[in-house]
Amino acid sequence: MKAIQSLVIASTLLASTSVLAHTFNEANKAIKYRQAAFTMIAGNVSEMGEMIKGKTEWNEATFSKRAEQLSQLSLMPLDAFAVEGSDKGKTNALPEVWKNFSDFEANFVQFQKDTANLASVSETGDKAAIRKAFGKTVKNCKACHTDYKAK
Amino acid sequence: MKIWDSFIRVYHWSQVILLGSLWYTAEEGLMEWHFSFAYLLMAFLITRIVWGFIGSETAKFSHFVTTPKKAFNYLIAIRNSKVSHSIGHNPAGGYMVLGLFSLLTFQLLTGLFSNDDILSEGPLASLVSYETSSLLTSIHHQSFNVLLAFIGLHIAAVLFYRFKGINLLSPMLTGVAKLTGTTPIMKHVIIAWGIFAVMSLFIYYLWANEVVSYLF
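Residue numbers (this note's numbering), protein chains in the order written: chain A, 1 to 151; chain B, 1 to 216.
Careful: at least some of the hints might be erroneous.
What the hints assert, rightly or not - Listed next, the stretches of chain A that the computed footprint assigns to chain B, with coverage defined by at least 3 CB atoms under 8 angstroms from CB atoms of chain B: (1) 41–52; (2) 119–131; (3) 145–151.
Claimed, not checked - Over 10 angstroms on every C-beta distance to chain B, these chain A residues come out as not near it, computed from the model: (4) 11; (5) 12; (6) 82.
No lab work stands behind these hints: they were computed from the structure. On a predicted model such as this, the values are computed, not experimentally measured, just so you know. In this text, a Cβ means the ideal position worked out from N, Cα and C, and glycines have one as well.
Given only the sequences and the hints, what does the whole structure look like? Please build it.
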């Protein structure tokens with residue numbers, strides 16, 4: 001009985017002192033999380049881009065699904081940029097991200113707004129408006145890549 | 001006398017306009033336009049190089065490519081204030097032409113394998129790995145600066161001649177310069193435009209139709 005009691009106490013102590021390393025407290029995990037989010041963003045943008053360019057057939061349902069997912073995904077990366085030490089390590093993010101964090105953040109918030117707009121516009125089926133909203137969204141990619149992403 | 005045929009002149013100024021447009025569209029991320037202008041420049045450059053073998057006398061490589069020694073001596077002569085107006089490219093200028101053609105070829109080739117990391121990639125980018133494509137993209141960006149330096153040197157040289165009383169700009173616009181000596185043989189530019197038309201069509205069917213049909 002005593003042995004079990006001490007085992008329980010010991011394990012409780014161990015558990016309480018160790019904090020699980022996760023995205024928002026560990027730099028390498030934060031970097032991986034960001035990259036995963038950007039991979040998913042790229043995946044959704046690419047399929048929409050192919051439809052916009054006419055490389056694949058236009059499918060309104062698929063397009064608005066991608067737009068909706070993009071809008072959700074655009075909310076993901078920013079928090080992971082705030083994790084301490086995540087400017088070092090295997091990242092393509094330039095030091096400028098942290099030097100001009102408020103500008104970077106403002107750009108990102110604009111991206112989130114534009115993707116939200118794209119998601120709602122894509123519900124209307126107005127192709128000209130969708131095209132325009134898509135173009136506006138993609139412009140954000142270029143703007144940030146130029147200043148904040150290693151070539 | 002006539003020293004530049006109309007194809008050479010149109011080629012020269014199209015190159016200026018196209019390079020400006022290529023720079024602008026790249027900066028703005030207007031990739032479909034960037035591709036279209038690049039394909040057009042490609043058709044022009046290929047025609048110009050062919051014209052360098054079969055074209056008017058002043059267009060020919062055999063006319064303006066001299067030994068490095070001759071080019072060097074020419075520069076020494078300039079240093080001793082003996083500036084003259086050559087019929088066609090001068091010996092040093094011939095090397096500038098070769099340099100510019102090489103750089104343009106290099107830009108066009110690396111561009112075919114580049115990607116913009118968003119939605120566009122050159123028509124040959126899928127033949128290489130993403131890493132290779134990204135490396136070639138970064139080379140494509142950096143070698144443009146080398147091209148700019150060459151263009152800067154070219155303009156500086158033209159200004160230098162102007163300062164020495166020789167107007168090189170007006171012959172490149174009108175084709176005519178007041179010079180003494182044997183008048184260079186001019187070929188019918190219709191041949192050059194024929195080659196240009198064939199090259200444009202070929203590139204259009206090979207690559208350009210996709211971006212053009214998106215734009216229009």
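Original post:
Once the closest CB in chain B is found, is it more than 10 angstroms from residue 12 of chain A?
Top reply: holds (49 angstroms)
Subject >> Coverage of the stretch 119–131 of chain A by chain B, judged on three or more residues with CB within 8 angstroms >> reply: Violated - the stretch 119–131 of chain A has 0 residues with a Cβ nearer than 8 angstroms to chain B, which falls short of three.
**OP:** Check the non-interface label on residue 11 of chain A: least C-beta distance to chain B beyond 10 angstroms or not.
**Re:** Per Cβ check, residue 11 of chain A is outside 10 angstroms of chain B; nearest 47 angstroms; holds.
Subject >> Non-interface claim for residue 82 of chain A versus chain B (Cβ beyond 10 angstroms) >> reply: Answer for residue 82 of chain A: holds, closest chain B Cβ roughly 23 angstroms.
**OP:** Mind taking a look at whether chain B covers the stretch 41–52 of chain A? Criterion is 3 or more residues with CB to CB distance under 8 angstroms.
**Re:** holds (count 3)
Subject >> chain B over the stretch 145–151 of chain A, status - at least 3 residues with CB closer than 8 angstroms >> reply: holds (count 3)
Of the numbered hints listed earlier, the single one contradicted by the structure is hint 2.
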